[in-house]
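Visitor: Go ahead and model the full structure; you've got the sequences and the hints to work with.
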Amino acid sequence: MESTSTGQAAQDDLYRDAVDKFGSSLERLASAYEADAEKRRDLSQDIHFQLWRSFQRYDARCSLRTWTYRVAHHVAASHVIRERRIFSTLVSMEELETLPDKDHGRFSAEQRMNLGRLSMLIQRLKPLDRQVIICWLEDMDAAAIGEITGLSPGNVAMRIHRIKNVLKRRFREGGSHA
Amino acid sequence: MHDDFSEKEPKNIWQNQPTEPSAMTLETIREKVRKLHTQTRRQLLGTLVGPLVVAFFLVFGLKQFPSLRHLLQPLFALALVWSLAGLYFLSRGRRSPRAPEDMGFSTGLEFCRREIERQRDYLRRVVLWGFGPVILAIGTFVLALALAAGRGIFPKAMPFMTLVVVWIVAYFVIRMRQQRGLQREIEELNKIETENNW
Chain A
484 MESTSTGQAA QDDLYRDAVD KFGSSLERLA SAYEADAEKR RDLSQDIHFQ LWRSFQRYDA
544 RCSLRTWTYR VAHHVAASHV IRERRIFSTL VSMEELETLP DKDHGRFSAE QRMNLGRLSM
604 LIQRLKPLDR QVIICWLEDM DAAAIGEITG LSPGNVAMRI HRIKNVLKRR FREGGSHA
Chain B
17 MHDDFSEKEP KNIWQNQPTE PSAMTLETIR EKVRKLHTQT RRQLLGTLVG PLVVAFFLVF
77 GLKQFPSLRH LLQPLFALAL VWSLAGLYFL SRGRRSPRAP EDMGFSTGLE FCRREIERQR
137 DYLRRVVLWG FGPVILAIGT FVLALALAAG RGIFPKAMPF MTLVVVWIVA YFVIRMRQQR
197 GLQREIEELN KIETENNW
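In order, the protein sequences belong to chains A and B. With this note's numbering applied, the first sequence covers 484 to 661. With this note's numbering applied, the second sequence covers 17 to 214.
None of these hints come from the bench; they were simulated from the model. Owing to the predicted nature of the structure, the values given are computational and were not obtained by experimental measurement. Built from N, CA and C at the ideal position, the CB exists for glycine as well. There could be a bad hint or two in this list.
[Claimed, not checked] Anything over 12 Å on all C-beta distances counts as not near chain A; from chain B, calculated: (1) Leu78; (2) Pro90; (3) Leu144; (4) Ile151; (5) Ala165; (6) Val180; (7) Tyr187.
[To be verified] Quick list of in silico lysine-lysine cross-link-like pairs, DSS-like style, CA-CA up to 30 Å: (8) A:Lys522 x A:Lys504; (9) A:Lys647 x B:Lys27; (10) B:Lys24 x A:Lys647; (11) A:Lys651 x B:Lys24; (12) A:Lys504 x A:Lys647; (13) B:Lys207 x A:Lys651; (14) B:Lys207 x B:Lys79.
Guide: Put into structure tokens, the structure is as follows:
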């Protein structure tokens, strides 16, 4: 009984620590996976709940950051996979590079530069590519991204290169139409 | 800035976005644990739809066509047993292959593939264990209708039969398309893994 409560206390402490350190990143992550505000709140709650549960088994084999991001991405990816009706419209990073910008012209130059544009771009990606771009935007290096996603450093580097190309093109398009 | 693209810009936009602080506390999480048990019970009730539809046709069919009892009983019994077995297989498919506590041990690639495979397998199970017995029960009922009323029933029942057939075909086409989509996703992830190992 005592060990259970000690375990629970450790679980609570780990959860608090993770939320203190990565709380706002988790909120940004939820916004990258769900555009609808109400559903986003539910997703965010689910991420917190599953994160708390996951700390029952945390054994420091990986860093707290890697663990937290893995769990959060997994919960969010499950959410995307469950929403099968939109699944067919998701694209990979390769496809995104060749796709014309459908939203082009609907936004002012200023808006094109803003967060909404970036979020829309991320929300069109398949879960794995989404994980890479979110981690990159959170300023993680290729090794840390590889640890979370399971992609090799070469694969991560290639995807980051593509992300940069896509962003560069979209941002430049935004500027030239200002 | 646009000709001289700086990767810091999207990162700044991203990291400085306004976020709503999470309202989750340890107390609300514990409350959610309690709610989860109720939700699981509700989901289990949802899987009872198949057996209930079969039972409805069984009772209604046997009541309407008592003279065909010897033929209808085994067919309806088969549909009922099939749908009850489906309860087990469908609830098993609903569960995640790994406990949520283990989520942190797997990488994004492993997890995504497993989730998509699970979704694909679940769709297959729904067709086999949820839809199959309902089709058998409807088929048995239509057979009873035809046997009891003779050939005259078909012109009258044609609109209903057409609707049933269209519904069945549409259901299969949609499910098969979903399964193919998921299979493509799995193959893409397998390809990424192969590239990873080069």
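Visitor: Against this structure, judge whether each hint is valid.
Guide: Outcome of the hint check:
1. For Leu78 (chain B), the requirement that its beta carbon stay farther than 12 Å from each beta carbon of chain A is met, with the minimum near 38 Å.
2. Even its closest Cβ contact with chain A, about 37 Å, leaves Pro90 (chain B) beyond 12 Å, as expected for a residue assigned away from the interface.
3. Non-interface call for Leu144 (chain B) relative to chain A: holds, since the shortest CB-CB distance, roughly 18 Å, exceeds 12 Å.
4. The non-interface label for Ile151 (chain B) is consistent with chain A: the shortest C-beta to C-beta separation is roughly 22 Å, beyond 12 Å.
5. Separation of Ala165 (chain B) from chain A is adequate, the least Cβ-Cβ distance of about 41 Å exceeding the 12 Å criterion.
6. The Cβ of Val180 (chain B) lies farther than 12 Å from every Cβ of chain A, with a closest approach of about 25 Å, so its non-interface assignment holds.
7. Residue-level check passed: Tyr187 (chain B) sits 15 Å from the nearest beta carbon of chain A, beyond 12 Å.
8. Among the hinted pairs, Lys522 (chain A) with Lys504 (chain A) is consistent with the structure: their alpha-carbon atoms are about 24 Å apart, no more than 30 Å.
9. The suggested pairing of Lys647 (chain A) with Lys27 (chain B) holds, with an alpha-carbon distance near 11 Å, which does not exceed 30 Å.
10. Our distance criterion of 30 Å between C-alpha atoms is met by Lys24 (chain B) and Lys647 (chain A), whose separation comes to about 11 Å.
11. Restraint check for Lys651 (chain A) and Lys24 (chain B): satisfied, since their Cα atoms lie roughly 11 Å apart, inside the 30 Å limit.
12. Among the hinted pairs, Lys504 (chain A) with Lys647 (chain A) is consistent with the structure: their alpha-carbon atoms are about 27 Å apart, no more than 30 Å.
13. Note on Lys207 (chain B) and Lys651 (chain A): the hinted pairing holds, with a Cα-Cα distance of about 27 Å set against a maximum of 30 Å.
14. Pair hint Lys207 (chain B) plus Lys79 (chain B) does not hold up; C-alpha atoms about 57 Å apart against a cutoff of 30 Å.
Comparing the model with each earlier hint shows a violation of hint 14 alone; every other hint is respected.
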